[in-house]
Amino acid sequence: MTITPVTIAFAIMAIFALGGGLGVVANRNLVHAALFLVLSLFGIAGLFVLLEAPFLAAVQVLVYVGAISVLITITIMVTRRIMGITETINRQWPVAAIAAALTLVTLGFVILSQFSGQMPVADVPPDTIARMGAAFASHQGYMLPFEVASVLLLAALIGAIVVARD
Amino acid sequence: MLFMNMSPQMLQLLVWLIPIPPIAAFFIILLFTRGNKLASDLVAVGAILLTWVIAVLVLIAALLMPHLGEEPIQASFLWLPLGEASGFRMGTLVDPLGAVMLFFVPLTASMIFIYSTGYMASGSYWTEVKGEAHGTESHGSDEHGEVAIDSAGRKVTRFDATRWKARFMAFIGLFAGAMLLLSVADNLLMLFIGWEIMGLCSYLLIGFWHNRIYPNQPKRITPVGASIKAFMTTRVGDVFMLLGIAWLYSFTGTLSFRDILYNPEVLNALNTPAFPNIPALYPMSVAEAIGVLLFIGTIGKSAQFPLHTWLPDAMEGPTPVSAMIHAATMVSAGVYLIIRMFPLMTVGWDGHHLTLPMQAMTVIGAFTALFAATIATAQRDIKKVLAYSTISQLGYMVAAVGIGAYVAAAFHLMTHAIFKALLFMGSGSVIHAVEHGEEHAHHHGHHFPVDFDAQDMFNMGGLWKKIPVTAWTFLIGGLALSGFPLVTAGFWSKDEILADAWAHQPIVFWVLAAAAFLTAFYTMRQIGLTFAGQPRTPAAEEATQRDWRMNLPLVVLAVFAIFAGYVGVHEEFPVLGHLLGGNFFHRFVGSTLLVEPEKLPFDWTPVLLSVGIALSGLLVGWLVYIVKPLKAGQSDPLARLLGPIYTLLENKYYFDELYDLIFVRPARWFAEKIVYLLLDRGVIDGFLHFVARTFEWLAFRNKDFDTYIVNGAGDGVAEGIGNLGDSFKYVQSGRVQQYLAVVALGVLMLAGVFAWALFLR
Amino acid sequence: MADVFTTIYDWLTGLLAGWGASQLVIDLVMGLLGSIITVVYLLTLALVIIWVERKFIGRVQDRIGPNRVGPWGIFQNIADVVKLLFKEIIIPKGADLIPFMLAPAITVASVFLIWAAIPYARTLIGTDVNIGVLYLVAVSSLGVMAILMAGWSSNNKYALLGAFRAVAMLVSYEVPMILALLVPVILSGTLRVNGIVEGQGVWYVFSMPLAALIFYIAQVAEVGRSPFDVLEAESEIVAGFHTEYSGMAFAMFYLAEFLHAFTISAMTATLFFGGWRGPFAQQYPTLGIVYFFIKTFLLYMLNVWGRATLPRLRIDQIMSFCWKFLTPLALVLLVLSTLVDKVASILLEDVVPNYYAAGSLVEMLPRSAVLLSVNLLVGLLAVVWIARQGRKERQRLAALTSPAPIERQAAR
Amino acid sequence: MIPLHWYLLVAAGLFVLGLYGVLARRNAVAILMSIELMLNAVNINLVAFWRYLAPEALNGQVFAVFVFAVAAAEAAVGLALIISIYRNRQTVIAEDVNMLKW
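Residue numbers (the working numbering), protein chains in the order written: chain V, 1 to 166; chain C, 1 to 761; chain A, 1 to 412; chain Y, 1 to 102.
Chain V with its partners taken away, still in its complex shape:
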């Protein structure tokens, strides 16, 4: 496996993603955890870029970094009163750890046994984004799911307002 800039980039992004994830679950300071989440999300955006899905990358940054993590951070700051509590891990953490480990083993096994090894890769057609846009708006494509998603978002919006208001 030769070291190429792409590999390096991938390594950096993967480290961002995984390290950030680790920070999220391991850090006691919730705000830091949130910041780590941002980091991890950035890494993932980078991975999208490497996967030649720049659209998704941009959306990732816009939605997650720009919106969701901001929300999360604000929530943390608003509910800061309990941040004195040092105990961040509950009693069942061993179970969690075991479950996680087993999952990792299973997934890793399946991945390595099934998807390892090089394979011929076709190029991404240049007009992917245009086609995606068309597909979202055409009834042969994903019009209905698209509408459903928008309804979902509307419902979430209203629901959030109703739940969170005094």
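Note that these hints are calculated values from the structure, not bench results.
Backbone N, C-alpha and C fix where the C-beta goes; we use that ideal spot for every residue, glycine too.
There is no bait here: all hints are sound.
So the derived list for chain C, only partly shown, Cβ under 7 Å to chain Y, looks like this:
| no. | residue |
| --- | --- |
| 1 | Gly734 |
| 2 | Arg735 |
| 3 | Leu740 |
| 4 | Ala741 |
The hints should help you fit chains C, A and Y onto chain V, whose structure is shown.
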């Protein structure tokens, strides 16, 4: 002009619409405006006036049609398909005869509706108090609040007669709708439907004041009794009529008037022997048999001789009911039926010796006319008099049809409906006045026996001053009834019948003439007793009635009672004949038949005879009852004249008692002894009880099984599950993450299984 | 001389290739070079524009403005920078060090990153990614996070309040901004920034003036300059999220703000004012950079003018203005204009065969006319509506404050 | 070119981290963050498979977009819930909110 260019479809649609509004009013009132008297009045009156307008439109259109007789306004649809060819059709038909119906039915109906809104707006009657004196809900508020004890030991109190006014309006609405349905029907079935609805309404309305009783007169029939009696009696006729209809349908395969009555093939076909293999009945043709059956229906509906007893008792209903059902419309329906069926009745009539139904009609009609007239002379109750007079007049018409005087019968049907309705409403107005008088007098401290009868003519007298409008209109009606020459409608129609009778059946003529004499007499008697002289009771002293809703219809009908006759003046009648365009009515209605009935040459004899008879009858009545009017407490001078016959007449030849003896009692006995005790109690109940006991025994055995085995098992299961739940509920820790952990592990297991199944093997 | 940039680029790549570097290395070097150049010139530009702004505001406020250091005080900023460099960066007690230090960097970075996708000329653009617009939005949304970090980590209630305010406002104003941003995308049918510029045969500000206005307002709010400068309202919250910052850290926020103000002008110019477009810019891309900077500067001056003159709004006013007016307006405008656009394209089919043609001025005229009419209509309605609201509000206030009961009597 | 399974492994790692966080963290917000991690792991998988197995097809990216939508909705509602819980019970510890039990 509107009617000239009215398209046939439009016209047929209008005809369809005629019966709708009153029926609609019925439903609207019962469903929505029941609680509100004013609204109900408006709905009902509005509906009937709408109907009247439509009817008038149709009527005018029909009159403008050149050949209404040949091609009438007709429309029908297949209602109940039977097989491919045949089936019951529903349809409307307006031919000249129907047009006549459309002329007087909506007219009188509308008048009576308006009248009812006034008549039902006040008044009260005695009712029995069950339990607590101050009524339970079923009796509601009583006007005076006093409770009396009558001779039969019943607690009685006054009851507000206006309580169910809305319901009343609804019922008469339904009734009017049914009558109009019958009038525009183009087939026997539809006619029969209207016929039966009217029967029902008559039942409902006669018994309308269903909680009314007559204190101190336990023998007197109550509204409930009267209604049952009327219903039952008419049923008898209806059953035979239905038989006739069924026979007709089975023979011809249709019930449509046009198809049967106006096509010679069918009529000829009907002219075959009914019972070919019974020599005794051989001469009777199918048409005759059916005709007789249908005529029996008429006997029931129009209260002809054997089945006449219900009509006088029907007077227990509110007076508008009497006016509408028992004068203008329903009883006329019977006559309308035989007129309508005239071609069938006269199958095989060569103009000289009558067919079987015609004979029956002639005999029964003529007899009834005289017989009822005799009874009418001796009645005390103002409405009873009118009732019997109605019977006798209907007898006239029946007899007229019997002798083949088709047009005359239709003519008299129309005029009689108008002036008899007028008379009834007049009598109602009188009764109202007297009841008011009674109340006023009561307030002024006069004490009345609880059995004071506001309908008894001997409690009246001298009302001429009190209620002039009623008096005048009543007079006009009375003169019309007794056939006062030239200026009343009754004269022309009755005269035509008599002329026909004179020409064909002299005997019938003399019978009817006698009846006419009596008619004139009792009319005068009635007027005399009611209006002339001095008041005989404080009630009459204080009597008053000035309600325009009741007076307006009187006036309107009075006008018609005078002028309605001029449409049918014989063209050879001096002066008037030409003046009035020569017997339009005869030409118009005559065109209904295939062969125009022949016009009799004008003959002075019957005219003069009938005039003389009418005038003499009036004169006698005038002499007896008006020249020296009765004093209070004085008995009927006629009683002295006739002696025992008077009592016989007063008791209506004891017909009620006779029927009670030969029909009612045996029926009661049979019902009680045989049906109730033997069949019901003995056989049916016995069997049922046996079955019941058997199953009871089985059930107990079953119960044990249930308790010990089924319940044991069931409860066991339930308890087991309950315990299980108790021990397992702690799984529900309420900790989301715990659940999630379990989920994760479960999924993990599944994943492991899949991984093993897919990749490891 | 027609196209300096390509010439230089080709020369450099040729040079490197001559030294025997692989294509990848060349890309790397060029990319690095480009970003370095961008950053450097932006920093210098910042010095210039800050001086200009201070002068301008001085004039507006009837002062002279900086005038001591150098002729017309040109070197004032350099002096300031030196001063700030030597000042200590005070780290408050209980501050969260890493975010505290990270925040200014991210803020500046978010501004710099925007410039990577802004075309100076037809052939001069950092990276012409095919999702450029989206990129712009995404990157500019990073600043929010930085502000949050700063506000929280400096362990100061004013700072936190300021941060909350700022975040609330910025997040809100992203909505109308993006809605308005969709307009050029729809009109030009591409997300490529350069594609959008090339599509503007008629500047979109002329076909969709309302959208341009909304976008500009939202952007000003994103910068947080007056009238939207509640996030550093001295009278209420000392200096907002950067209260605790001093020295170079503060300088970076300061720099970021000014640069951001300039950047949004650049974005507006690019997206609505035809970017580098201008006479002969197609043939001689070198001219494009001139046009671009002229437009940007003019827009920037507009911004400064507003900052110098407009009073500060209340936070609730700002929010309700965004949610109750700007966003609905943008939505209505978007839906209506696209609808009318479609209908017109169908109706005018035979009159104007290539209705959607983009690029040349003449071809674009009919469509622009249609859209312009829609904009004017919507704008008119909006003005009428807002006038009514204003009248209501005035009456309300009058009712609240009017002391004379007589008037009320009359009013009744 | 980077082999597919690297991405998959990264995704798996993220997913596992998220899973652990969901199961082990006490703070509800932290749990929410972990859920976001898992969602992102899924997204990586989707996009990676799209890129390597079917670049012409759109499904992968479209799916990812829908995941974004769902994630946004979920975050909004979840955080709103957390805030209201905090307002009512002064806690954001997931297991302190256990009124719904036997």
